[in-house]
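J.: Below are the chains, spelled out letter by letter.
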Amino acid sequence: METTTLIWRTMVHLVARDGTKPAASLSHTMEGRLQEKDEDSQFVALCQGGEPAAFEVLVRRHQKRMFNIAYRMTGDYEDAGDVVQEAFLSAYRTIKQFRGEAKFSTWLYGIVVNHARNRIRQAGSRAYHEPVSLDDPPARAEGTPAFDPPSREIPAVDVLVRKETQEKVQGCINGLEKEHGEIIILRDIQGFSYEEITQMLGIPDGTVKSRLSRARNALKDSLKKVFGDL
Amino acid sequence: MKQCGDVENQFTAYLDGLLGTGERKIVEEHLSACSHCLRKLEDLRRIQEILAGLDEIDPPPGLTEKILSRIHEGGERKEGFFRKLFFPLHIKIPVQALATVFVVVLSVYIYRSTLPEMGRFERPPMSPQVAEKRSPAVKENVPTERPVISASPEPSLRQTQAGKKEPAQRQAAAPEVAAGASSAPKDNNTAGHSGAVAERVLAPERHAADVPSFSKAAPPPGAGQIRTRGTAVREENSRAPEPVPAPPLRAESPDVRNRIAIISDNPRQTALQAATIIRSLGGTRIEETTKDGIVIVSAWIDTDVLGELKDRLKEIASVDEPKSVFVSGPKSTFIEITIRRTASGHKGNPAGR
Numbered sequence: 001m002e003t004t005t006l007i008w009r010t011m012v013h014l015v016a017r018d019g020t021k022p023a024a025s026l027s028h029t030m031e032g033r034l035q036e037k038d039e040d041s042q043f044v045a046l047c048q049g050g051e052p053a054a055f056e057v058l059v060r061r062h063q064k065r066m067f068n069i070a071y072r073m074t075g076d077y078e079d080a081g082d083v084v085q086e087a088f089l090s091a092y093r094t095i096k097q098f099r100g101e102a103k104f105s106t107w108l109y110g111i112v113v114n115h116a117r118n119r120i121r122q123a124g125s126r127a128y129h130e131p132v133s134l135d136d137p138p139a140r141a142e143g144t145p146a147f148d149p150p151s152r153e154i155p156a157v158d159v160l161v162r163k164e165t166q167e168k169v170q171g172c173i174n175g176l177e178k179e180h181g182e183i184i185i186l187r188d189i190q191g192f193s194y195e196e197i198t199q200m201l202g203i204p205d206g207t208v209k210s211r212l213s214r215a216r217n218a219l220k221d222s223l224k225k226v227f228g229d230l
Numbered sequence: 231m232k233q234c235g236d237v238e239n240q241f242t243a244y245l246d247g248l249l250g251t252g253e254r255k256i257v258e259e260h261l262s263a264c265s266h267c268l269r270k271l272e273d274l275r276r277i278q279e280i281l282a283g284l285d286e287i288d289p290p291p292g293l294t295e296k297i298l299s300r301i302h303e304g305g306e307r308k309e310g311f312f313r314k315l316f317f318p319l320h321i322k323i324p325v326q327a328l329a330t331v332f333v334v335v336l337s338v339y340i341y342r343s344t345l346p347e348m349g350r351f352e353r354p355p356m357s358p359q360v361a362e363k364r365s366p367a368v369k370e371n372v373p374t375e376r377p378v379i380s381a382s383p384e385p386s387l388r389q390t391q392a393g394k395k396e397p398a399q400r401q402a403a404a405p406e407v408a409a410g411a412s413s414a415p416k417d418n419n420t421a422g423h424s425g426a427v428a429e430r431v432l433a434p435e436r437h438a439a440d441v442p443s444f445s446k447a448a449p450p451p452g453a454g455q456i457r458t459r460g461t462a463v464r465e466e467n468s469r470a471p472e473p474v475p476a477p478p479l480r481a482e483s484p485d486v487r488n489r490i491a492i493i494s495d496n497p498r499q500t501a502l503q504a505a506t507i508i509r510s511l512g513g514t515r516i517e518e519t520t521k522d523g524i525v526i527v528s529a530w531i532d533t534d535v536l537g538e539l540k541d542r543l544k545e546i547a548s549v550d551e552p553k554s555v556f557v558s559g560p561k562s563t564f565i566e567i568t569i570r571r572t573a574s575g576h577k578g579n580p581a582g583r
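One line per chain: the protein sequences are A and B, in this order. Residue 1 is where the first sequence starts when you use the numbering used here, and the numbers rise one by one after that. Residue 231 is where the second sequence starts when you use the numbering used here, and the numbers rise one by one after that.
For reference, chain A alone in the conformation it holds in the complex:
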């Protein structure tokens, strides 16, 4: 009864916040991280005790960030959706194996990274790893991602330019080696700490640093080819 009340309150709380809690922005503050950790632990415990309703809260809380990780890694909007679904399904099935050594969100994002890797591997014949050519600007007839417009006051031309720029950057990221791309995404786009990346990717801290250094230099070269002068 108590757990049901707790879930209900949390659901009401989340729905009142437009259903999609901005987990990413909340995680950027220390207070937010602590709060997030506490709340996750609570619902994770409920899930582990056999309350599937509690998992819905975790889905609503983390799906957007997971989707962004998946999208940046695969470069495909639809694939990203599939990856997130598979990752959540996998997390739900194995949630009892989560022992709390790391934050639940770290564990969850590690899962989505793995699923995105698998998706990239499966689509090996597709041009995930081909560098973007200036002559072939990325064109998306369908499945175009719905970018959050920075402001409604920005002129339409600027929005289009911005969108095109971002797609080119995305193309450059996807043109990097897989391990370089994912570490750029986790560190420079999603803003995870070195420690979190270490836990997600299962690599030592020194490797994170050296890999990140190489990845940034590689991306710099790639972007210079696309944009000329940065």
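Please keep in mind that the hints were generated in silico from the structure rather than gathered at the bench. Backbone N, C-alpha and C define an ideal beta-carbon position, used for all residues, glycine too. Just to be clear, a hint being listed does not mean it is correct.
As the list claims (entries may be wrong) - Just some of the chain B residues that point at chain A, by a computed CB distance under 10 Å:
#  : residue
1  : Ala243
2  : Leu245
3  : Asp246
4  : Leu248
5  : Glu272
6  : Leu274
7  : Gln278
8  : Asp285
9  : Glu286
10 : Pro289
11 : Ile297
12 : Arg300
Based on the hints, put chain B in the right spot on chain A.
T.: Structure of chain B alone, referenced to chain A:
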């Protein structure tokens, strides 16, 4: 001053604020003097800004519902069955209880279905008195293996082969002999009939056709009946003036279903008369053997004429009613008529016989 390569290696840590004060100062000193490295660092900083400025992308509408429905699908498949069974109590009582009941029911069923067959192989309970009376020599003659019931039930064959100790022959031999028979004279009789044995060893093929019908159609012998016969053996032995060795265990086999015990002054002549009566009543495979002064006439006869047979036997000699056994069975049944000499005519038999 540090080399450019060394400083460039520090750029990542520098940009991420991971350098200590001393290291940061060294890098900054180098940057103030090296425009090449400064430009590289500015590029990296610009890239960081670009990446950090990438828009957050909204997931497709309905993604949450898709995720939850897939979870419920997977969960239903797993939980639908297991939760119903286990969740109410969080323990596996339902399955364990079901398994226990299943095992018990199966055991009872198997026991009941094999009971008739087991009854055939069941050894009649041996009283301690009988066991004590047995001499060691007799015990040695007692076969340790139970005879196979599917062997020919013909008493003569069984009897003649009872003296042989080869396991194969023991298996083929059905073990029933008359109650009260001792093992030593039996061996003598067997030796005396060695010629007949040679002929009858080949007999199983002749009777093979009867065996299945006998074993299948015949009702399972009641355990009480077997015990009654065992008790009869014990009573006879207790009445004997000297401790008479009990017949081999094979003699206690319940193969012989019908038995008529007759007491006569002239057993051999009575046996001839009995054989004639049996033949007149349609009996077949009439055989006569003598063992320990007891003449045994065995035959296959129609069950319906058993009563008439008994009545006609009463006309020629006195029938020992307590020792006579009739059981219902198939149409054609095996009968054994044991003819003993009256007490005055045979010193080995107790008085009153």
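J.: For each hint, tell me whether it holds in the structure or not.
T.: Going down the list of hints, with the structure as the test:
no., hint, in the structure
1, Ala243, "holds, 6 Å"
2, Leu245, "holds, 8 Å"
3, Asp246, "holds, 8 Å"
4, Leu248, "holds, 8 Å"
5, Glu272, "holds, 8 Å"
6, Leu274, "holds, 6 Å"
7, Gln278, "holds, 6 Å"
8, Asp285, "holds, 4 Å"
9, Glu286, "holds, 5 Å"
10, Pro289, "holds, 4 Å"
11, Ile297, "holds, 5 Å"
12, Arg300, "holds, 5 Å"
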